[in-house]
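K.L.:
As a plain string of letters, each chain reads:
2 protein chains.
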Amino acid sequence: MYNVKVYVTLKKSVLDPQGVAVKDAAKSMGYVEVEDVRIGKFMELKVAKSDRDIHEVLNEMCDKLLTNPVMEDYRYEIEEA
Amino acid sequence: MYNVKVYVTLKKSVLDPQGVAVKDAAKSMGYVEVEDVRIGKFMELKVAKSDRDIHEVLNEMCDKLLTNPVMEDYRYEIEEA
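In order, the protein sequence lines correspond to chains A and B.
Taking the numbering used here, the leading residue of the first sequence gets 18, the next gets one more, and so forth.
Taking the numbering used here, the leading residue of the second sequence gets 18, the next gets one more, and so forth.
Please note that a few of the clues may not be correct.
Just so you know, same-sequence chains aren't split out, so a pair can sit in one copy or run between any two.
[Said to hold, decoys possible] DMTMM-like mimics (lysine to aspartate or glutamate), calculated; alpha carbons at most 25 Å apart, straight line:
no., residue 1, residue 2
1, K40, E77
2, K29, D53
3, K40, E89
4, K58, E89
These are calculated hints, taken from the structure and not from any lab test.
Let the hints inform the model, and build the full structure from the sequences given.
P.N.:
What follows is the structure, encoded as structure tokens:
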């Protein structure tokens, strides 16, 4: 079994209205130190071992299911459970 | 300036319908190896140095703004920019 962590972030060129909203809220709450906020997804997966290469499975799943390749980048970390 | 990464995850006891939906979709697409999916938030913040302790600022912000303390846990990593 693998424990996989997937980090999905918006591409640098893509505006992040949610991040802007959180930054503005933080400033209005007095956290003036906050200069930028970018919000993405963090996924924790349990993936059983199989005859398929784990990187192949993860890259395919990220491209087809877990991310929007036009607007998002991803990276992942694999750990043996 | 600090580069901060915040990881927000649902508490173990909280059901994750979004994660269940993604897991079922993955299986229906043929990724039968996927046994569990938990989905959270991943935030990247730029925080300027100030006279306030960075941990104090981050813990307060996480509790009051970035997370729902009833249902979510968080951890963060700080890097000097």
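K.L.:
Each of the hints needs a verdict: does it hold here or not?
P.N.:
Here is how each hint holds up against the structure:
For a Cα distance limit of 25 Å, the shortest separation of K40 from E77 across copies, 14 Å, qualifies, whereas the shortest one inside one copy, 33 Å, does not. In this assembly of identical chains, the alpha carbons of K29 and D53 lie at most 25 Å apart only when taken from the same copy (12 Å versus 30 Å across copies). Taking the shortest Cα distances, K40 and E89 sit within 25 Å of each other both inside one copy (20 Å) and across copies (20 Å). For a Cα distance limit of 25 Å, the shortest separation of K58 from E89 qualifies both inside one copy, at 10 Å, and across copies, at 14 Å.
The structure meets every hint from the earlier list without exception.
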